[in-house]
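2 protein chains.
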Amino acid sequence: MTGSRNFAAALARLKSAGLRPTKQRLALSKLLFEGGNRHITAEQLHVEARHQGVGVSLATVYNALHQFTETGMLREVVVDAGRSYFDTNVDEHHHLFYVDEGRLEDLPRDSVGLSDIPAAPIGCRVERVELIIRVRRAAG
Amino acid sequence: MTGSRNFAAALARLKSAGLRPTKQRLALSKLLFEGGNRHITAEQLHVEARHQGVGVSLATVYNALHQFTETGMLREVVVDAGRSYFDTNVDEHHHLFYVDEGRLEDLPRDSVGLSDIPAAPIGCRVERVELIIRVRRAAG
DNA sequence: AAAGTAGTTTAGAATTGATCTAATCTACTT
DNA sequence: AAGTAGATTAGATCAATTCTAAACTACTTT
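For the record, the sequence lines run as chains S and R. Quick note: the first sequence uses our numbering, first residue 1, plus one each step. Quick note: the second sequence uses our numbering, first residue 141, plus one each step.
Keep in mind that the hints were calculated from the coordinates and are not lab data. Hints are not guaranteed to be accurate.
Ranges of calculated distance between the beta carbons of each label pair, as one might list FRET restraints [what the hints assert, rightly or not]:
| id | chain 1 | residue 1 | chain 2 | residue 2 | range |
| --- | --- | --- | --- | --- | --- |
| 1 | S | 60 | R | 147 | 17 to 27 angstroms |
| 2 | S | 62 | R | 198 | 25 to 35 angstroms |
| 3 | S | 47 | R | 239 | 21 to 31 angstroms |
| 4 | R | 250 | S | 111 | 19 to 29 angstroms |
| 5 | S | 99 | R | 243 | 24 to 34 angstroms |
| 6 | S | 110 | R | 262 | 15 to 25 angstroms |
| 7 | S | 103 | R | 209 | 35 to 45 angstroms |
| 8 | R | 197 | S | 69 | 34 to 44 angstroms |
| 9 | S | 125 | R | 248 | 31 to 41 angstroms |
| 10 | R | 197 | S | 89 | 40 to 50 angstroms |
| 11 | S | 110 | R | 147 | 48 to 58 angstroms |
| 12 | R | 250 | S | 110 | 20 to 30 angstroms |
| 13 | R | 209 | S | 18 | 40 to 50 angstroms |
Residues from chain R that face chain S, not an exhaustive set, calculated with beta carbons under 8 angstroms [to be verified]:
| id | residue |
| --- | --- |
| 14 | 159 |
| 15 | 220 |
| 16 | 251 |
Heads up, the beta-carbon is just placed ideally off N, CA and C, and yes, glycines get one too.
Please model the complete structure; the sequences and the hints are all you need to start from.
So, in structure tokens, the structure goes:
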């Protein structure tokens with residue numbers, strides 16, 4: 001188990017990102033990065049933190065998510081109008097989106113055959129190439 | 141030119157979608173579908189309509205966009221958190237998104253090599269497979 | 001053509017996710 | 001222990017969208 005006292009890894013993560021290790025950031029970092037890949041919204045993370053008795057405001061959750069994203073610890077994924085998901089997997093990969101449930105799942109990069117991607121227009125650079133497969137519960 | 145008096149095509153479109161041809165829907169239909177493919181937000185379409193002297197409220201623009209989407213005349217594209225784009229191209233294709241400008245461009249289906257797309261999980265059907273290439277103005 | 005009705009439009013209020021602000025607090029330095 | 005830059009926070013604000021309930025209009029029936 002990842003005990004609530006084991007802050008060594010979270011501390012190291014924040015340190016190497018150049019972020020001051022505050023109580024809130026340590027707690028959020030542990031929630032996000034300890035226990036496999038996650039796709040989570042700010043609101044969801046806020047609820048989770050509070051359930052664990054971590055005193056953290058929604059504004060701070062937003063701040064932390066953006067800082068983690070800027071420092072490359074997270075990736076923002078947009079699949080749903082009016083809701084941002086944050087993905088703890090920052091490697092190149094794709095997504096399966098369960099429309100009905102609002103749930104995201106990773107698709108490893110090589111689970112899809114992708115070739116002949118158009119070049120970036122002149123004066124532009126490609127920031128990301130992302131495949132999204134939207135699925136819905138089958139009727140019946 | 142697509143004169144402001146020529147409502148025959150717009151009328152036919154609405155009729156075959158089973159939508160009552162009101163003044164507002166006719167005007168919006170003309171703006172959307174006459175003059176090439178478009179990627180437009182509700183606010184943008186509202187401004188456009190007003191500039192042309194069409195009396196239509198923002199609520200009605202939203203209503204119409206959703207009805208047009210439900211009846212397959214439009215496709216909603218989500219690339220930007222907190223803003224929906226509506227695409228008049230409903231064929232299978234992909235998108236280039238100019239992050240800096242908030243502008244979308246179509247990528248024809250066969251401009252990208254896509255193979256070995258994972259099957260939909262059991263109990264689900266694939267609603268859409270979509271590739272989004274995000275580009276940004278190159279630094280320098 | 002008048003009346004009835006179901007569907008449509010609308011202004012404005014409400015909701016939602018996200019951001020901002022300015023005051024308070026805290027981790028680190030000295 | 002004190003100082004300071006950076007962090008957190010409650011609450012205000014914002015922007016996109018949706019809701020509500022009243023007024024309106026296209027179509028049907030008479």
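Status of each hint after checking the structure:
no. : hint                              : result
1   : S:60 / R:147: 17 to 27 angstroms  : violated (55 angstroms)
2   : S:62 / R:198: 25 to 35 angstroms  : holds (27 angstroms)
3   : S:47 / R:239: 21 to 31 angstroms  : holds (30 angstroms)
4   : R:250 / S:111: 19 to 29 angstroms : holds (22 angstroms)
5   : S:99 / R:243: 24 to 34 angstroms  : holds (25 angstroms)
6   : S:110 / R:262: 15 to 25 angstroms : holds (22 angstroms)
7   : S:103 / R:209: 35 to 45 angstroms : violated (22 angstroms)
8   : R:197 / S:69: 34 to 44 angstroms  : holds (37 angstroms)
9   : S:125 / R:248: 31 to 41 angstroms : violated (22 angstroms)
10  : R:197 / S:89: 40 to 50 angstroms  : holds (43 angstroms)
11  : S:110 / R:147: 48 to 58 angstroms : holds (52 angstroms)
12  : R:250 / S:110: 20 to 30 angstroms : holds (22 angstroms)
13  : R:209 / S:18: 40 to 50 angstroms  : holds (44 angstroms)
14  : 159                               : violated (23 angstroms)
15  : 220                               : holds (7 angstroms)
16  : 251                               : holds (5 angstroms)
In this structure, the hints that do not hold are numbers 1, 7, 9, 14, in rising order.
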